[in-house]
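Engineer: Each chain is listed here by its residues.
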Amino acid sequence: MIRTLFMLLAGLAMATGATQAQTVDSAGSELTFVTRQMGVPVEGRFARWSAQIALDPRKPEAGQVVLRIQMDSVAFAAPEVTAEAQRAVWLDTARFPQAVFQSKGIRAAGGGRYELAGSLTLKGRSHDMVVPVTLTQSGAKGIATGNFTVRRSDYRIGEGEWTDASLVAHEVQVRFRIALSGLPTS
Amino acid sequence: MTPSASTPAAPRYDGVAIAAHWLLALAIVLNLSLGFYMHDLELSPLRLRLFNWHKWAGITILALSALRLAWRLTHAPPADLPMPAWQRIAARAVHRAFYVLFFAVPLAGWGYSTAAGFPVVWFGVLPLPDWVPVDRAWAEALKATHRVAASTLALLVLLHVAAALKHHVIDRDGLLRRMRPFQR
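Line order of the protein sequences matches chains V and D.
Residue numbering for the first sequence is 1 to 186, as defined by our numbering.
Residue numbering for the second sequence is 1 to 184, as defined by our numbering.
No lab work stands behind these hints, which were simulated from the structure alone.
Some hints here could point you the wrong way.
[Claimed, not checked] DMTMM-like cross-link-like pairs, simulated, lysine to aspartate or glutamate; straight-line CA separation at most 25 Å: (1) K143(D) / E84(V); (2) K123(V) / E161(V); (3) K59(V) / E80(V); (4) K59(V) / D154(V); (5) K141(V) / E43(V); (6) K143(D) / E43(V); (7) K104(V) / E30(V); (8) K166(D) / D40(D); (9) K143(D) / E161(V).
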């Protein structure tokens, strides 16, 4: 019910908003992250996620970005780590199947750079954050890249004996590369 | 009077070779034991710690083995004691195999770790270069290589110790004096 209402509102916002939404080309896009285990960088990725992006570089403040990540699509090179990451003490993908980043304000920082203020909801908790994005545009196509840090302790990812930051660092570096088409051309 | 005491002038390995032998013997036996103990542990903070300590120790053994090989190639060991030809051939074969495995075991372990998506960071500080791709097939092949090479090394250690004790207890030929530490 709340979900329906939300979608209705989102649809309404899209319909009334002046900014045209872009299409994400999944082939050229990726969402990866690096955890640090006893000083060792261990890379993971999310295979399934979707982004609704409506950004007009001419008036970025009117833009909107929503990123939805399917948490059970998490994958590491080592299958035992993939299985571990889904457990309740880590991402608890059974109870929290989706993570959502919802933008609240977009600010142009010049030279194709933007700052997305928004909130990240992950494992049932929400925190505000600012995500820096660099957009390289060529015609109607563009590549949005950026990286930001998520503190796993803010979201209770890695509970109990795993809270120890000397084993697994609290800072997780998230990197994204999103290929877009349908950008407004001036 | 024991035979060894009657031959005080019998040639010995030099001090560096003796120190390297015992230091690396201890490190290798401990790291082999750790490897056999930890390899099928459930994922836990203990497993994570032990695996990293094992890798740090393994890389240390690899580096020291390179120095030891350089020393061995430039410093001739004492001449063989009188013994049947087959024993001399067997001893030399085991020593050659030791040196091959001092490198093969840690290198396969390092490659396995890298291929499984865990680059090796020595003591959690110094990132070592990746020389294999992050790839499931590479990881499986190098894991098997690491296991077989380490098991072979463990068997050769047992054989080496048994042979040394045989010289000491049965032949009483003073062979152990050549490698005994803290002795002039």
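Engineer: Run every hint past the structure and note whether it holds.
Structural biologist: For each hint, the structure was consulted:
1. Using a Cα cut-off of 25 Å, the hinted pair K143(D) and E84(V) holds, with the two alpha carbons roughly 20 Å apart.
2. For the hint pairing K123(V) with E161(V), the CA-to-CA distance comes to about 18 Å; that is within 25 Å, so the pair holds.
3. Pair hint K59(V) plus E80(V) does not hold up; C-alpha atoms about 46 Å apart against a cutoff of 25 Å.
4. Taken as a hint, the K59(V) and D154(V) pair is broken in the structure, with Cα atoms around 33 Å apart against an allowance of 25 Å.
5. At most 25 Å may separate the alpha-carbon atoms for a hinted pair to count; K141(V) and E43(V) exceed this at roughly 28 Å.
6. Proposed proximity of K143(D) and E43(V) is supported: the alpha carbons are some 20 Å apart, at most 25 Å.
7. The straight-line distance between the Cα atoms of K104(V) and E30(V) is roughly 23 Å, inside the 25 Å bound, and the hint therefore holds.
8. As the CA atoms of K166(D) and D40(D) are separated by approximately 35 Å, the hinted pair breaks the 25 Å bound.
9. This hinted pair does not check out: K143(D) and E161(V) have alpha carbons roughly 28 Å apart, beyond 25 Å.
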